[in-house]
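Novice: End of the sequence shown = 359 in this note's numbering, gap-free, step of one.
Think of the hints as simulated: they come from the structure by calculation, not from any bench.
Wrong hints could be hidden among the right ones.
[What the hints assert, rightly or not] Listed below are the simulated SDA-like cross-link pairs for lysine to any residue, each with C-alpha atoms no more than 25 Å apart in a straight line:
1. K19 with K171
2. K136 with Y40
3. K171 with K136
4. K288 with A302
[Said to hold, decoys possible] Pairwise CB distance ranges (calculated):
5. G357 with A112: 55 to 61 Å
6. G243 with Y126: 25 to 31 Å
7. F95 with A228: 28 to 34 Å
8. A112 with R223: 33 to 39 Å
9. F94 with A316: 43 to 49 Å
10. R313 with K288: 20 to 26 Å
11. A112 with T6: 20 to 26 Å
12. R177 with G243: 45 to 51 Å
13. R350 with A287: 22 to 28 Å
It should be emphasised that the depicted structure is a prediction, and the values quoted were computed from it without experimental measurement.
Think of the CB as a built atom: it goes at the ideal place given N, C-alpha and C, for glycine as much as any other residue.
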Amino acid sequence: MTQLKNDTFLRALLKEPVEYTPIWMMRQAGRYLPEYRATRARAGSFMGLCTSPDYATEVTLQPLDRFPLDAAILFSDILTVPDAMGLGLFFAEGEGPKFQRPLRDEAAIRALAPADMGKLQYVFDAVASIRKALDGRVPLIGFSGSPFTLACYMVEGGGSDDFRHVKAMLYSRPELLHHILEANTQSVIAYLNAQIDAGAQAVQIFDTWGGALSHAAYREFSLAYMQRIVAGLKREADGRRVPVIVFTKGGGQWLEDIAAIGADCVGLDWTTDIGQARARVGAKVALQGNFDPNALFAEPAAIEREVARILASYGQGSGHVFNLGHGISQYADPAHAGALVDAVHRLSREYHGSV
């Protein structure tokens, strides 16, 4: 494999010295970019993009051609895994992802088995294609949804405001939900390891809906399974460590517990002060975040002020990967995203000594 020309992101995840704070943005390849919209139109559908390694490569590289980002992230969707488990993923116009066969009855749940990785070969082919196209420019991040987040979609049949079906199962038939989570956990371990084999140089677990759980339920139904995933991952490839990032949206109250599961980095949403988070976890993990995505609707001068505030809150030294607190909005102005990247690179150097 080609040697990395910019490994700042990987070094920051491992709290090694860096010249500046690296940045990437969740959902950085997406609808806010006109070039993405053009490629999606050619592909014909969102799944047309995801299932084509060529299209996935094209859109993964688009934000890197616009902005000097410090990492690329595989273009895919967290729901490819339950789709490979036979639930029939489709995207309804204006309604987001849905499943033809949501898990609502006991027989279907008992019959659920871990995903066949052969049905996800298009993802691994995309990873290999993207890694080749990057040619060592920046590292490539692979990813998956957390077992609980996947279960939310699998049981609800799509997105949900209240998660009433999955939470009813959690409280009334917890053994059924555990069966789903077990299948998901085995699937995610195999899925992320296959991405690492194909060339992913770091991986992130998106626990998007873990924050919707109660204090006790979070530990039992989300965190415990993510801990098993982290323990089951390959942690070295190409002669260097493959860092693992865990991100629970709304998980600030469980920060110490998340930091204890063995990941290298914990992602923060915008509701947690990053300086306080650093004080709470100490040197145990790096931190990723945590610019409010909606602050990108402000003027560039305001964006720069917010960047300065977050950098000052984290303080001196490595171990911070700058990111949004969640995915970038489809309505964001690309020029404002560019202002964010520029401000992070420019303002963060004072927080790092010479390397």
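Novice: Take the hints in turn and mark each one as holding or not.
Specialist: Evaluated hints:
At most 25 Å may separate the alpha-carbon atoms for a hinted pair to count; K19 and K171 exceed this at roughly 38 Å. At roughly 20 Å between alpha-carbon atoms, K136 and Y40 fall within 25 Å of each other, so this suggested pair holds. Annotation: proposed proximity of K171 to K136 is violated, straight-line Cα distance about 43 Å (limit 25 Å). Restraint check for K288 and A302: the C-alpha separation of about 34 Å exceeds 25 Å, so the hint is violated.
Our hint of 55 to 61 Å for G357 and A112 holds, since their Cβ atoms are close to 57 Å apart. Separation of G243 from Y126 is about 28 Å and conforms to the stated range, judged on CB atoms against 25 to 31 Å. At roughly 31 Å, the beta-carbon separation of F95 and A228 lies within the given 28 to 34 Å, and the hint holds. Range check, A112 to R223: Cβ separation about 27 Å, and the 33 to 39 Å hint is violated.
Between F94 and A316 the C-beta distance comes to about 46 Å, which sits within the given range of 43 to 49 Å. For the hinted restraint 20 to 26 Å between R313 and K288, the CB-CB distance of approximately 24 Å keeps it satisfied. At roughly 45 Å, the beta carbons of A112 and T6 sit outside the given window of 20 to 26 Å. At roughly 47 Å, the beta carbons of R177 and G243 sit within the given window of 45 to 51 Å.
For R350 and A287, the Cβ-Cβ distance of about 27 Å falls inside the hinted range of 22 to 28 Å, so the restraint holds.
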